[in-house]
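Asker: Next come the chains, spelled out residue by residue.
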Amino acid sequence: MKRELISQALNGMDDRFISEAASFRPEAIQETPERIVHMKKKRIVSIALAAALVLALGIVAYAAYFSMNQRVPDATETFRINWEEHPSGYLEWHDAKLAITFPDTAESKEIEFRPGWLPEELASLKSDAWLGRLTAEQLADKYPNMTASQPMLIETYYMSMFNDGGALLLLYYTPENIIEEHWDEQGVDVMRFHATEVLPANDRRPEQTLEQDIILMSNPEAGWVVRLAGEAGMDTLVKVAKNLEIRETGNVLTYNDFIDHYTFMDGGVG
Amino acid sequence: MTDTEIINLFFERSEQAITELAKKHGNAVARVARNILGNEQDTEECVNDTYLGTWKAIPPHRLSPLRTFVCKIARNLATMKYHASTAEKRNSHYDVALDELEDCFSDGNSVEDEFNAKELSEAINSFLATLNYTDRFIFTRRYWYSDPLPDIAKMANTTTNSVTVRLYRIREKLRYYLMKEGLLV
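Protein chains in written order, with the working numbering: chain A, 1 to 270; chain B, 1 to 185.
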């Protein structure tokens with residue numbers, strides 16, 4: 001988009017927003033009683049859940065468990081994420097389509113990866129470098145039927161980031177059938193699904209459906225999660241995932257290493 | 001002196017109006033211009049043009065709040081000057097803020113050229129109405145006032161890092177909003 005157009009559009013911003021931002025007014029931040037109750041309740045529930053978890057682990061320590069829990073939040077549910085650095089104390093997200101949580105993990109081992117296999121279209125991304133994130137946006141033209149921005153994106157997350165109510169969220173796309181698996185060769189739990197987002201028709205374009213596949217691989221012992229997503233096709237993404245070389249960097253990441261304790265997995269921009 | 005009294009001076013065509021306007025809102029006007037233009041000489045010129053513009057506009061207008069009105073004039077003048085001299089080295093806070101939005105709007109997507117700035121303004125205004133107060137404050141300070149991140153953090157009593165992350169989230173939300181509105185494809 002042209003800078004001049006953006007600039008002109010910003011000039012047209014509403015007077016009330018400009019006036020409102022003339023100075024910061026902490027009193028304008030709405031701290032409703034409901035929120036306070038919610039936070040207190042959440043704390044109590046967290047403690048109760050933690051106690052139950054300790055008990056359960058003590059009894060059936062040997063039992064296998066799947067390291068990712070998923071649920072579809074109610075559209076009105078507000079994700080109030082603690083953010084102590086800010087006066088409001090939280091960020092709000094509404095209308096999430098999927099929330100994935102992980103067992104509380106004190107320490108996650110930092111990892112880096114490199115693809116052991118890539119499809120021909122993405123072969124130019126192959127290198128010996130170890131990465132924390134790989135994006136294939138620049139190769140979008142190799143996939144003429146793409147609906148959004150990415151043929152493939154690989155990102156890493158750490159379970160210690162999501163402690164105390166954090167979650168990995170799908171905010172705009174809606175997941176279809178969610179498949180849960182365990183891949184023995186890599187020792188990871190896997191959750192994978194196709195997801196779509198329907199953009200309703202308007203004056204400028206007909207209805208449009210954005211699509212992507214998402215694979216989450218989690219290693220509960222080491223506390224890391226890898227996400228592969230994009231429009232290269234589920235089979236391709238599975239093959240990339242199964243051939244991903246992953247190694248630990250030697251660093252350990254704890255809850256306090258992360259400013260934010262949630263993230264969302266719709267886009268992959270930025 | 002209150003804004004109403006200053007506006008009355010403009011209506012009386014008293015030159016004291018400019019003095020009082022500069023005294024009360026001069027810093028805010030200069031800040032808007034400086035953030036966009038990035039140098040003192042252009043800023044001073046823009047501030048003087050803003051006062052002249054205000055002199056011409058009042059009367060007949062009696063716009064309130066006065067500070068918003070003069071800041072808008074300053075911003076319009078500064079952006080015109082900025083775009084008229086794009087060959088010059090980019091070094092203002094405005095450049096950085098525009099870069100952020102440009103990246104946000106063009107990242108991996110083609111963009112229709114048919115729509116105009118007015119449509120985009122309307123969409124941005126509608127989007128801002130959906131945000132909570134703090135997010136709206138941060139967005140407006142960054143992209144309208146073109147304030148640097150540490151200044152916004154200080155104003156909002158938070159850290160620069162927090163503002164950076166929050167702005168990233170807001171831009172992501174805006175991108176999806178514009179896609180839904182059909183302004184980005």
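Be aware that a few hints might be false.
As the list claims (entries may be wrong) - Heads up, simulated EDC-like pairs for lysine to aspartate or glutamate below, C-alpha to C-alpha not over 20 Å straight-line:
no. : chain 1 : residue 1 : chain 2 : residue 2
1   : B       : Lys24     : B       : Asp49
2   : A       : Lys2      : B       : Asp103
3   : B       : Lys72     : A       : Asp14
4   : A       : Lys2      : B       : Asp135
5   : B       : Lys154    : A       : Glu20
6   : B       : Lys118    : A       : Glu211
7   : B       : Lys180    : B       : Glu119
8   : A       : Lys97     : B       : Glu172
9   : A       : Lys2      : B       : Asp49
10  : B       : Lys118    : A       : Glu112
11  : A       : Lys97     : A       : Glu77
12  : A       : Lys109    : A       : Glu221
13  : B       : Lys24     : B       : Glu5
14  : B       : Lys118    : A       : Glu185
15  : B       : Lys180    : A       : Glu211
16  : B       : Lys23     : B       : Glu45
17  : B       : Lys173    : A       : Glu211
18  : A       : Lys2      : B       : Glu5
19  : B       : Lys154    : B       : Glu119
20  : A       : Lys2      : B       : Glu45
21  : A       : Lys242    : A       : Glu112
22  : A       : Lys242    : A       : Asp203
23  : B       : Lys154    : A       : Glu27
24  : A       : Lys97     : A       : Asp15
25  : A       : Lys242    : A       : Glu181
26  : B       : Lys173    : A       : Glu181
27  : A       : Lys2      : B       : Glu20
28  : B       : Lys81     : A       : Glu155
29  : B       : Lys24     : A       : Glu20
30  : B       : Lys72     : A       : Glu4
Claimed, not checked - Not close to chain B: a few residues of chain A, all C-beta gaps over 10 Å, as computed:
no. : residue
31  : Ala9
32  : Gly12
33  : Asp15
34  : Arg25
35  : Arg114
36  : Ala123
37  : Asp235
38  : Asp266
To be clear, the hints were calculated from the coordinates, so they are not data collected in a lab.
Just so you know, even glycine gets a beta-carbon here, dropped at the ideal spot from N, CA and C.
Asker: Going through the numbered hints above, which ones does this structure break? Give me the numbers in ascending order.
Answerer: 4, 6, 9, 10, 14, 18, 19, 20, 22, 24, 26, 27, 28, 31, 32, 33, 34, 38
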